[in-house]
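S.K.: Next come the chains, spelled out residue by residue.
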Amino acid sequence: MRGLVALLGPTKVLGAHDDLLLYEYDGAVDTATPDAVVLPESTADVAALARFCHEHAVPIVPRGAGTGLSGGAIPVEGGVVVSFARMARILEIDVSSLRAVVQPGVINLHLSTAVAPHGLYFVPDPSSQKACTLGGNVAENSGGPHTLAYGVTTNHVTGIEIVLSDGTVVRLGGKAVEDEGYDLVGSSVGSEGTLGLVTEITVKLTPLPEDKRTLMAAFPTMDEASETVSAIIAAGVVPSAIEMMDQLATQAVEASVHAGYPLDAGGILLVEVDGARDGLEDARARIEEICRAHAASEVRVATSALERERLWAGRKGAFAAMGRLSPDYYVQDGVIPRTRLPDILRLVKDAGMRHGLQVANVFHAGDGNLHPLILFDSRRGPDELERAKAAGLEILTACVEAGGSITGEHGVGMEKNCFMPLQFQSSDLAAMRRLKDAFDPPGLMNPGKIFPTPSRCREFAFASTAR
Amino acid sequence: MPGIRLRVDRPVTATVVRSIPADAAECARVLADATADRRTVRITGSGTKSYIGDISATDIELATERIAGVIDHVPADLTVTVGGGARIADVAATLARAGQFLPLDPPHADEATVGGVIAANSNGFWRARYGGVRDLLIGTRTALADGTVARAGGLVVKNVAGYDLDKLLVGSFGTLGVIVEATLKVLPLPETTDGLIARFASPGDAFAAADTVVRAAARVEACVVQRLAEGAWQLAVQARGGGPTVERALRDARREITARHGDATALGDDLGRMRELPARSIDGALVRVSLPLAASVAFAENAVRIDSFAALVVDAASGIARVHLVNDDDDAVIRDAEALVLAARMVGGAGRIERRAEHLRSRLPTWPTRPNGDFLMRRIKDAFDPAGILEPGRSAFA
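Protein sequence lines, in the order shown, are assigned to chains A and B. Those letters in the first sequence? Residues 1 to 467, per this note's numbering, in order. Those letters in the second sequence? Residues 1 to 398, per this note's numbering, in order.
Keep in mind that the hints were calculated from the coordinates and are not lab data. As the structure is a computational prediction, the values presented were derived from the model and not from experiment. Hints should not be assumed to be uniformly reliable.
To be verified - Cross-link-like lysine-lysine pairs, in silico, DSSO-like; alpha carbons within 30 Å at most:
1. A:Lys436 with A:Lys349
2. A:Lys204 with B:Lys185
3. A:Lys389 with A:Lys130
4. A:Lys436 with B:Lys185
5. A:Lys130 with A:Lys204
6. A:Lys389 with A:Lys204
7. B:Lys185 with A:Lys12
8. A:Lys349 with A:Lys389
9. A:Lys12 with A:Lys389
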């Protein structure tokens with residue numbers, strides 16, 4: 001502590017117990033208290049901190065807004081949490097190159113708002129976009145509803161400045177679409193802060209679509225909604241978003257947001273197409289036709305920006321609305337091939353029932369990215385969370401067996417690192433370890449994440465079930 | 001600024017063993033044995049891009065031709081899994097039967113293999129619309145130098161479990177392993193295709209028109225500026241998709257072209273010829289650079305003023321430019337080629353000498369400058385291939 005204050009000054013270091021408690025959690029269920037919190041104001045601060053931690057063999061855990069859903073910002077092995085709250089400036093908006101250069105603490109939505117006057121936006125739009133930071137988006141390779149047509153964070157980052165565990169500052173990539181040699185930018189995005197501390201990000205900006213059509217379709221059952229998703233994709237329409245919600249989620253959302261979703265529907269789809277005005281009516285008509293052919297009881301098209309926003313407010317507020325149903329939820333993030341939606345969704349429901357827990361589903365159906373919200377009540381005892389986790393593991397196992405992944409956008413973190421052997425064999429993990437060791441030989445960057453750790457993962461012994 | 005790199009000659013080995021493994025496991029065994037014996041390996045698909053890199057003869061030539069074929073295609077999932085040695089053209093034929101296509105149009109597309117296209121990060125102009133190799137690749141299996149086979153990514157379009165080693169392989173030129181399997185995103189075949197080509201008196205007008213096309217509401221599939229030694233500046237635009245969208249894209253493009261005093265005519269096979277510039281550039285040198293979009297026009301204007309200038313093709317949507325240089329004076333070609341790569345570096349881009357005449361190989365290295373983070377790349381290479389057997393001479397960071 002004293003060393004850190006001497007190095008960076010008292011205004012950039014927190015060490016009081018009450019202060020540290022504010023940094024022991026993120027958006028997931030695990031907690032751990034840091035030994036100290038540092039609030040750097042420049043790359044030089046970050047490099048000095050890294051050198052200090054390197055010298056004293058102290059772990060470093062980066063933190064954006066703490067909205068992460070896999071415990072990525074939790075100092076599970078102690079050490080210093082680095083909050084990027086004070087490195088939150090948009091450094092440059094280069095309209096002619098369609099790029100922006102930002103510090104990691106910039107809030108996702110603030111960037112899109114800042115570039116909107118130029119007719120541009122930043123595509124990835126996680127549901128937490130009003131709060132989450134671009135540094136966090138880079139760490140987790142965040143997605144969002146609108147990544148179906150336009151890709152996730154890694155498809156929109158061309159350059160980073162990264163501070164390595166020994167304090168070396170490296171600039172990788174830039175405004176050009178690629179550099180020579182290995183794609184270290186692409187390898188770093190989604191590395192969950194385990195390779196280094198990203199201190200500057202160059203992102204692609206995309207022209208705002210001229211217009212949009214947003215449809216809400218209600219189906220008697222989730223099966224029909226699921227089949228509609230595959231049918232839309234197969235018909236050659238690639239919407240910018242296809243989101244799905246089950247009845248339980250709809251009820252919670254309606255109670256809190258009043259988005260206007262029908263309460264009697266077994267499954268609801270929210271579909272959006274965007275682009276040039278000319279093709280949108282055709283696309284809208286085709287989607288509507290496909291929905292009706294799959295027994296949709298209602299198809300509602302937003303006729304104004306206000307109506308569109310209301311439909312989306314329901315989706316974006318869904319996680320928050322879960323408080324109406326249950327004091328706690330444990331959300332999983334498995335991915336499956338789209339064609340497997342109907343059977344895996346049935347399995348999700350069964351897994352909840354087996355453990356005596358309700359499961360609400362609100363997810364990115366277009367790319368097969370599930371978000372089962374397993375509802376529990378921790379006031380009823382520690383057993384509740386354990387049962388939720390057990391149900392979650394059953395769901396992830398099914399996802400991997402279906403040819404999918406244990407996480408589509410929330411990251412592995414400390415929440416699923418023990419489950420990595422479900423999806424990857426030891427030789428696969430060994431290859432990943434080589435990348436880790438090249439960037440961070442002493443292993444001080446966000447330890448206890450991504451890779452299974454012997455101490456915490458002893459109880460899980462999996463053979464890979466991946467296809 | 002990175003410095004100019006000295007070239008070190010490797011002694012040429014006399015005998016080359018050609019190895020044609022039947023599957024991933026056999027491929028991995030070949031590599032394990034090569035590592036044990038410290039025998040160097042060159043990996044070949046169809047050999048279309050053997051001109052890239054400072055390569056000399058290796059002890060082993062490992063051909064991927066038997067690790068081919070479409071392993072799995074699920075039309076409703078819009079994904080396809082193929083062997084690394086599968087030819088792009090064969091994959092395209094399979095997909096077309098299901099009304100789908102692989103949205104990649106790399107040079108040498110008739111011959112090139114999927115593994116080669118990934119390893120060389122070989123993109124065409126469709127990147128403007130669908131993204132490049134790095135955006136379409138969602139999973140790989142790679143035979144490594146230690147004899148293991150590592151899987152990265154998977155079969156699903158969204159996946160953040162573990163590091164994205166797929167990205168590491170794109171553009172790795174085989175220096176990390178042999179790509180034995182790849183899963184890629186595919187798309188339904190669009191209804192309509194149409195295009196135009198316009199002529200302009202000045203590069204400023206051509207690039208200004210291209211800039212509006214790239215940002216237009218109706219997204220185009222290709223937007224390419226070309227200038228040959230003789231003739232005008234040209235802008236080729238192609239759009240694919242639903243009828244009304246394609247019509248709108250070309251209507252808007254024509255309006256922008258007219259406003260900048262260009263005249264547009266129907267597009268023939270112009271894009272194909274522009275794309276195959278690397279295949280044609282067997283003399284002189286071909287420089288390939290990646291530029292910030294805003295720097296493209298100044299780079300192009302300077303390039304055409306160079307003594308050795310022969311042809312320029314710029315993908316205006318991605319900032320990838322190729323310049324073909326031809327001169328009876330070899331020294332002039334070398335000087336001009338290296339100057340262009342440095343010029344790209346100065347404006348925040350990157351580049352390489354993608355191809356040069358056989359007799360210039362020893363005098364004109366592929367990578368006159370080192371990429372940022374080269375020391376990390378060397379550590380990664382050492383971790384994956386400690387004996388240094390894989391593709392010597394094909395590392396930008398050596």
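S.K.: Each hint should be assessed against the structure and marked as holding or not.
M.R.: Going down the list of hints, with the structure as the test:
Proposed proximity of Lys436 (chain A) and Lys349 (chain A) is contradicted: the alpha carbons are some 37 Å apart, above 30 Å. Distance restraint check for Lys204 (chain A) and Lys185 (chain B): the Cα-Cα separation of roughly 21 Å lies within the 30 Å cut-off, and the hinted pair is therefore satisfied. Of the pairs offered as hints, the one joining Lys389 (chain A) and Lys130 (chain A) holds, with about 28 Å between alpha carbons and a cut-off of 30 Å not exceeded. Restraint check: the Cα-Cα separation between Lys436 (chain A) and Lys185 (chain B) comes to about 27 Å, which is no more than 30 Å; the hinted pair holds.
Taken as a hint, the Lys130 (chain A) and Lys204 (chain A) pair is honoured in the structure, with Cα atoms around 19 Å apart against an allowance of 30 Å. Among the hinted pairs, Lys389 (chain A) with Lys204 (chain A) is inconsistent with the structure: their alpha-carbon atoms are about 37 Å apart, more than 30 Å. Distance hint between Lys185 (chain B) and Lys12 (chain A) is unfulfilled; the C-alpha atoms sit about 46 Å from each other, more than 30 Å. Between the alpha carbons of Lys349 (chain A) and Lys389 (chain A) the distance comes to roughly 14 Å, so the proposed pair stays at or under 30 Å and holds.
Note on Lys12 (chain A) and Lys389 (chain A): the hinted pairing is violated, with a Cα-Cα distance of about 37 Å set against a maximum of 30 Å.
Consistency with the previously given hints fails for numbers 1, 6, 7 and 9, ordered from lowest to highest.
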